[in-house]
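Number of protein chains: 2
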Amino acid sequence: MLFLSEQEMWQSVTLEDVMDAIEDAYAIHKSGNYKMPDRFIAQRDKNMMLYMPCFLDSVIGTKMLSEFPDNPSLGIPYLNGLMILNNAKTGLPKAIMNGSALTAMRTGAVGGVALRYLAPEDAASVGLVGCGMQGLHQLLYACEVRPITDIYLYDAYAKDLSGFIERLLARLASFGKNAIQIHTCADTRELAEHSRVLISATQAVDPVYPDDEELLRGKCFVAIGSWRPERRELPDAVWKLVKNAYTELPYACEESGDLKIPLEKGVLTQERVHFIEDLIEDTKQGHPHEQNETRCFKSVGMGLFDVRTAQLIYEKALDKGIGQKLNF
Amino acid sequence: MLFLSEQEMWQSVTLEDVMDAIEDAYAIHKSGNYKMPDRFIAQRDKNMMLYMPCFLDSVIGTKMLSEFPDNPSLGIPYLNGLMILNNAKTGLPKAIMNGSALTAMRTGAVGGVALRYLAPEDAASVGLVGCGMQGLHQLLYACEVRPITDIYLYDAYAKDLSGFIERLLARLASFGKNAIQIHTCADTRELAEHSRVLISATQAVDPVYPDDEELLRGKCFVAIGSWRPERRELPDAVWKLVKNAYTELPYACEESGDLKIPLEKGVLTQERVHFIEDLIEDTKQGHPHEQNETRCFKSVGMGLFDVRTAQLIYEKALDKGIGQKLNF
Chain X
1 MLFLSEQEMW
11 QSVTLEDVMD
21 AIEDAYAIHK
31 SGNYKMPDRF
41 IAQRDKNMML
51 YMPCFLDSVI
61 GTKMLSEFPD
71 NPSLGIPYLN
81 GLMILNNAKT
91 GLPKAIMNGS
101 ALTAMRTGAV
111 GGVALRYLAP
121 EDAASVGLVG
131 CGMQGLHQLL
141 YACEVRPITD
151 IYLYDAYAKD
161 LSGFIERLLA
171 RLASFGKNAI
181 QIHTCADTRE
191 LAEHSRVLIS
201 ATQAVDPVYP
211 DDEELLRGKC
221 FVAIGSWRPE
231 RRELPDAVWK
241 LVKNAYTELP
251 YACEESGDLK
261 IPLEKGVLTQ
271 ERVHFIEDLI
281 EDTKQGHPHE
291 QNETRCFKSV
301 GMGLFDVRTA
311 QLIYEKALDK
321 GIGQKLNF
Chain Y
1 MLFLSEQEMW
11 QSVTLEDVMD
21 AIEDAYAIHK
31 SGNYKMPDRF
41 IAQRDKNMML
51 YMPCFLDSVI
61 GTKMLSEFPD
71 NPSLGIPYLN
81 GLMILNNAKT
91 GLPKAIMNGS
101 ALTAMRTGAV
111 GGVALRYLAP
121 EDAASVGLVG
131 CGMQGLHQLL
141 YACEVRPITD
151 IYLYDAYAKD
161 LSGFIERLLA
171 RLASFGKNAI
181 QIHTCADTRE
191 LAEHSRVLIS
201 ATQAVDPVYP
211 DDEELLRGKC
221 FVAIGSWRPE
231 RRELPDAVWK
241 LVKNAYTELP
251 YACEESGDLK
261 IPLEKGVLTQ
271 ERVHFIEDLI
281 EDTKQGHPHE
291 QNETRCFKSV
301 GMGLFDVRTA
311 QLIYEKALDK
321 GIGQKLNF
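For the protein sequence lines, the chains are X and Y, in the order given. Under UniProt numbering, think of the first position of the first sequence as 1, with each following residue one higher. Under UniProt numbering, think of the first position of the second sequence as 1, with each following residue one higher.
Don't take each hint at face value.
Unchecked claim - Across the chosen pairs, the derived CB separations fall in these ranges:
1. Gln-43/X - Asp-122/Y: 23 to 29 Å
2. Asp-38/Y - Leu-161/X: 41 to 47 Å
3. Ala-179/Y - Leu-74/X: 53 to 59 Å
4. Lys-243/X - Pro-69/Y: 27 to 33 Å
5. Arg-228/X - His-274/Y: 53 to 59 Å
6. Ser-31/Y - Gln-270/X: 49 to 55 Å
7. His-194/X - Asn-33/Y: 24 to 30 Å
8. Asn-33/Y - Gln-270/X: 32 to 38 Å
9. Asp-45/X - Pro-229/Y: 54 to 60 Å
10. Asn-33/X - Gly-163/Y: 37 to 43 Å
11. Met-48/X - Leu-161/Y: 45 to 51 Å
What the hints contain is simulated information worked out from the structure, not anything from laboratory work. Just so it is clear, the structure is predicted and the values come from calculations on it, not from any experiment. Positions of the beta carbon are idealized from the N, C-alpha and C atoms, including for glycine.
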């Protein structure tokens with residue numbers, strides 16, 4: 001059995017590797033050759049343990065996360081956990097890795113893959129609303145897939161973004177990206193004015209951007225936060241501008257207020273909601289990328305991303321001799 | 001974070017330690033200060049992953065087991081897994097250990113604790129029906145709590161018990177027990193004739209002992225197998241002989257055919273079913289042990305046993321500097 005720390009996980013793979021794993025996960029999802037039960041939640045008071053199993057033909061993965069709301073007040077991340085891989089033929093455990101690192105890594109890559117297929121090839125600016133762990137990883141992948149020269153930041157709660165910028169610059173530098181300029185914005189209007197790609201990674205209840213079609217026209221949106229039915233990050237203007245809404249799964253229309261609320265209001269219609277796995281396959285078969293000027297991807301995630309990404313990390317780590325071998 | 005292999009787990013604790021942990025688990029169960037959700041099963045075809053979380057005030061534990069029916073034909077145990085401990089205040093993972101080793105260790109200790117309170121003080125002989133991993137561990141604890149000089153073995157499927165006997169003798173010797181005689185029996189009648197304590201650890205559908213009151217009178221029964229509603233290990237004669245039936249939980253009367261079937265037939269009545277945690281508390285408060293000549297404990301297990309045992313192993317391992325430290 002192999003154990004991989006956060007650092008060892010990043011040593012094992014490239015950003016491109018992780019995005020390829022996400023594309024594989026979409027292909028597996030499209031093939032139907034998997035079993036992904038509903039996640040299971042065990043709760044005591046406000047603290048939760050979440051268990052997310054997923055069976056592939058080649059491996060079984062379980063992401064086990066804890067969500068403890070009081071952690072941030074103790075200086076500890078809200079979300080922590082482990083990813084466990086089991087042999088698909090025997091059930092024997094084969095790898096354990098850092099589950100919160102995996103979550104950030106694969107969620108960033110899900111955003112990156114969406115930009116591969118939705119963002120203009122020459123997009124050089126990206127704006128981020130919500131400067132946390134998830135947002136940081138979104139930016140790493142955005143800078144990998146497009147020739148980004150400028151990053152714009154806004155956070156409704158963090159007044160001082162210097163710590164975030166320091167971490168971001170260090171991580172960008174570790175991927176050889178040393179010339180990107182970072183700018184902080186006073187509000188999301190300023191952010192949107194400057195950014196071709198707009199990423200939101202917040203727990204916002206109400207839309208984070210002004211509901212202004214002229215401001216938002218021609219942007220490429222990636223929304224990965226606020227996945228509850230009563231919350232949303234995107235204003236109605238986005239749905240008026242885009243031809244298609246892209247997401248991963250039918251249940252996103254129920255689970256995410258970003259789709260559920262505009263569908264209920266009639267600003268978005270069900271036939272305009274498409275699955276990005278279909279766009280990826282179409283594009284690979286030579287059909288053109290999404291051509292509308294304003295584009296949008298809403299992510300709710302799925303366990304398949306975790307297990308396929310973890311499997312790739314495990315295989316690459318084995319190849320490179322990275323990680324601690326555990327005698328079971 | 002600490003990782004403990006099967007060998008390191010056994011190095012960390014004594015048999016008495018584990019039985020004390022089981023008695024603590026009963027006391028916690030009686031106090032109500034815990035949260036133990038129903039176990040969660042994820043299944044693909046005939047293979048199952050089981051997740052058994054349990055929150056104590058001091059720690060959170062999750063036993064994660066795989067049950068792969070084809071494993072024995074590959075020479076691999078049917079059941080494998082991990083036990084994971086998380087900090088109760090922050091949810092951060094703190095220990096990972098071998099889950100199947102923990103299961104055998106604590107199930108053996110559950111049997112051992114039952115014998116502490118039910119078996120005659122001078123019981124010198126024990127019979128085991130079902131010579132597998134669980135049965136072997138039952139014998140280790142039985143020999144710890146009573147002055148056993150003779151072990152009698154029977155297995156309906158294994159014709160050659162020499163491998164089992166070799167492993168059993170080695171394990172007994174590791175606990176300083178070198179003078180115990182091992183005997184194999186042609187059937188369970190012969191086994192019961194020679195044994196004061198009778199332990200069954202099988203997947204039997206029908207009772208494993210002859211339905212003969214004269215044969216079974218005065219014995220102390222521990223039944224840990226066949227926990228499904230349609231299966232049982234104990235014949236009606238046992239319920240006619242005992243004053244009380246001891247088990248752990250009310251749901252045992254639904255889940256275990258050993259209680260459900262005789263209750264439905266009227267051979268056993270609900271008011272004669274008692275919880276061993278009450279017997280333990282009564283005995284500790286100075287009331288006499290169960291005095292009836294024939295005694296019986298039916299175990300169905302509970303997640304509380306796993307988490308309390310794993311917590312003790314973790315603490316003892318930390319004290320002794322045993323285990324692999326993992327950089328998370």
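Now for the hints, and whether the structure bears them out:
no.	hint	result
1	Gln-43/X - Asp-122/Y: 23 to 29 Å	49 Å, violated
2	Asp-38/Y - Leu-161/X: 41 to 47 Å	45 Å, holds
3	Ala-179/Y - Leu-74/X: 53 to 59 Å	55 Å, holds
4	Lys-243/X - Pro-69/Y: 27 to 33 Å	50 Å, violated
5	Arg-228/X - His-274/Y: 53 to 59 Å	47 Å, violated
6	Ser-31/Y - Gln-270/X: 49 to 55 Å	52 Å, holds
7	His-194/X - Asn-33/Y: 24 to 30 Å	55 Å, violated
8	Asn-33/Y - Gln-270/X: 32 to 38 Å	49 Å, violated
9	Asp-45/X - Pro-229/Y: 54 to 60 Å	33 Å, violated
10	Asn-33/X - Gly-163/Y: 37 to 43 Å	40 Å, holds
11	Met-48/X - Leu-161/Y: 45 to 51 Å	47 Å, holds
Violated hints, listed in ascending order, are 1, 4, 5, 7, 8 and 9; each of the other numbered hints is respected by the structure.
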